[in-house]
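Q: Those protein sequences? They're chains A and B, same order as listed.
Read in order, the letters of the first sequence correspond to residues 1 to 467 in this note's numbering.
Read in order, the letters of the second sequence correspond to residues 1001 to 1293 in this note's numbering.
Everything labelled a hint here was simulated from the structure, so no lab data went into it.
Quick reminder that beta carbons are idealized off the backbone N, C-alpha and C, glycines included.
There could be a bad hint or two in this list.
Unchecked claim - The calculated lysine-lysine pairs, modelled on DSS-like cross-linking and capped at a C-alpha distance of 30 Å, are:
1) Lys183(A) - Lys1087(B)
2) Lys140(A) - Lys231(A)
3) Lys106(A) - Lys140(A)
4) Lys1146(B) - Lys226(A)
5) Lys231(A) - Lys183(A)
6) Lys140(A) - Lys1063(B)
What the hints assert, rightly or not - Partner residues are not named here, just some residues of chain B that face chain A (Cβ under 8 Å, in silico):
7) Val1130
8) Gly1195
9) Leu1261
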Amino acid sequence: MSTASAGGAAASGPPVPPADTPSSGPSGAAGPPGASGRKPRSALGTRAWVAALFLLPALALLGALVVYPIGYSVYRSFLDASGDGFAGVDNYREVFTDERIRTALKNNVIWVIVAPSVATALGLIFAVLTERVRWGTAFKIVVFMPMAISMLAAGIIFRLVYEQNPDRGVANAVWVGVHDTFKAPAPFPGAHPRDDRLLTGAGGAFTTRTVVKAGTPAVLPLVGAKPKDLKGAQAAAPPREAAGRVTGTVWRDFTRGGGGKPGVIDPGEKALKGVTVEAVRDGRTVASATSAADGTFTLPASADGALLSLPASNFAAPYNGVDWLGPSLVTPAIIGAYVWMWAGFAMVLIAAGLASVPRELLEAARVDGANEWQVFRRVTVPLLAPVLGVVLVTLMINVLKIFDLVYIIAPGASLDNANVLALQLYQSSFGTDVNQGVGSAIAVFLLVLVLPVMLVNLRRIRKERQR
Amino acid sequence: MTTLDTAVRAKRSLPARIAGRLGGGVMRLFLVVVGLFWLTPTVGLLLSSFRDKGDIAASGWWKVLSHPAQLTTESYSTLFSNDTVMKSLLTTALITVPATVLVVFVGALAGYAFAWLDFPGRDWWFMAVVGLLVVPVQVALIPVAKLFNSLGIFESTPGVVLFHTAFGLPFAVFLLRNFFAEIPRELLEAARLDGAGEIRLFLRVVLPLGGPAIASLGIFQFLWVWNDMLIALIFADSGNPPITVALQQQVRQFGDNIDILASGAFLSMAVPLAVFFAFQRQFVSGVMAGAVK
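This is chain A alone, in the form it adopts within the complex:
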């Protein structure tokens, strides 16, 4: 990763020869602080006020706005909500016991485990696959682009994607489309008999009051079918009489603009196509048929003397897809939006690492008879391990700070279910449940979580500079 941290910027710069002789450049890291005076950089050395002039603005800003707040947050986290009384560890206890904060903690654990690993895995796949495709750069730009936009914009984008109504939200439109491909939707949701005279029923299924006889056509009038389900429907035809068979018609017993007699096929009344009709005798289905385009259906002779039933599957409410932003799915849905934004980051870093993997090693493995998958698993991934580690850790730190995306995507009703620490910190400090003691405790907790990374960073940079 040394290449990606310092070298990344240098790579785009002019061809400046690195200062690699041990006596030049800032290589004093190995020695104790005082030892840097050993190698004066100019004949005069640096006067103290010059160094101060260069450093003061940065150190003053960092001291006042980054270092001091750390100390103050630690101190404040031991005070009560008003900031007047000493609260001991009460705030920390609340962080681990309060129901909402515990949800936030739990969600944060899910976030930290799932989001970075999914983004890194996708980044690895994309980086490896695009390597040998000519238009790989175009693909990379498409995947990397979301990084340039704000979490707010991404949040609005995904609010639109996750709209519950499948007519508006693309995620549900696709989901429902796939679902309906495998399970045909009910043809006439909401259709029902006008009254109980001919058809009666409960639970969405309707049954004739009297048994049907072969040769005596059955009429099955319904109302309440939705106009959009009737688009392009033919006019209903009276049932043809067929010797030895049970025939009938299913139609919408409703004449536009009024008129028409109930239970009679009047001119202009529409046929209901594709309705399943079952013949039921003694509670068992003995035959079934589906109504044709003109609403007629024909059942075999075995239906003679049975009751006709229109099963509930004809009238079930349409499948409405998944409630993406409901309580149970809201966190995975927001993680999806995050992965959309950050997979490009992983991809770019991994691609840079991949470019520095020696080709000879891969070719040698291939010559030795390894197939592509083996080369990938046994050579590429181990060589990339340091880069993958840095990407994972970077994303984990980034995820701990996630705030905007959750705040924007989660609708008010499931905001508590989607809660994360950074959001709770905001709510505790400035939002609805003001208790700056608890807010500070969460801040300190976040800081403690990133502390190991800080130490690892420092060790790595020290090592790099000692070379």
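Once you have looked at the hints, place chain B on chain A.
A: Below, chain B without anything else, positioned relative to chain A:
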């Protein structure tokens, strides 16, 4: 390498080569599908921003593909004639530009000092600054709010600028010190012998040579500040908020404001996207250097 290639090729049998071709086709198809998948959400927002409210409520944006006549620029003209939105874009610019310039300048000063000046404990100071890279901004919210309140710059543009500058500095110092350290020593010695003082040296030699690193840092910081919502939400003047906060206030009634949100979000994305497409290379190197964060 070429000989190796031929050797590999010769070793692979015909079925293996056909399988390889097929695999290549599947791989390309996969990439195309993923690429479209990645574009869809943004395209959805873009198309929605060109529809009127009634159409958005009635049907999904993909209906536009079969009825292009539905497209209208109405919501954009509403937006452009809306003073609040235009003012919030201006506020965003008034925060972003100074915060970017300040980070670059203050960071370059310190980066140069850490690379080429002598002072006691230099390396420890540098380590301390780099250690601050990972401090989450959230840690500073309450203390800095209190501090700014007593200074009278809470809920004002200067406060937001200072906050962004401070939290951009560890990365700026880290990136620029590493870059400046690569400047050939002879160049600086020669300038010093010619009688240039440190300040002249910094302004005339170091800053110009730092171009590429400064560009990366500047773009990175620019996008970060432009896109920020959290800091703006707390520290910006709520009566005259930047665009992210102005839009955020509309999100709670998502359905009612969807037309404004769609076009507003796109307007707020226009600048970052333009920067991204114009300075992709610099952005990538900034991101890579920032991976220590």
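Q: Now look at each hint and say whether the structure bears it out.
A: Evaluation of the provided hints:
Taken as a hint, the Lys183(A) and Lys1087(B) pair is broken in the structure, with Cα atoms around 52 Å apart against an allowance of 30 Å. As the CA atoms of Lys140(A) and Lys231(A) are separated by approximately 45 Å, the hinted pair breaks the 30 Å bound. For the suggested pair Lys106(A) and Lys140(A), the alpha carbons sit about 33 Å apart, so the restraint of at most 30 Å is broken. With a C-alpha separation of about 60 Å, the suggested pairing of Lys1146(B) with Lys226(A) is violated against the 30 Å cut-off.
Distance hint between Lys231(A) and Lys183(A) is fulfilled; the C-alpha atoms sit about 21 Å from each other, no more than 30 Å. Straight-line distance between C-alpha atoms of Lys140(A) and Lys1063(B) comes to about 28 Å, which keeps the hinted pair within the 30 Å bound. For Val1130(B), the interface hint holds, since its Cβ comes within 8 Å of a Cβ in chain A; the closest pair sits about 6 Å apart. Restraint check, Gly1195(B) versus chain A: the minimum CB separation of about 12 Å is more than 8 Å; hint violated.
Given hint, Leu1261(B) at the interface with chain A, holds; its Cβ is 5 Å from that chain's nearest Cβ, closer than 8 Å.
Violation of the numbered hints given earlier is confined to hints 1, 2, 3, 4 and 8; the remaining hints are satisfied by the structure.
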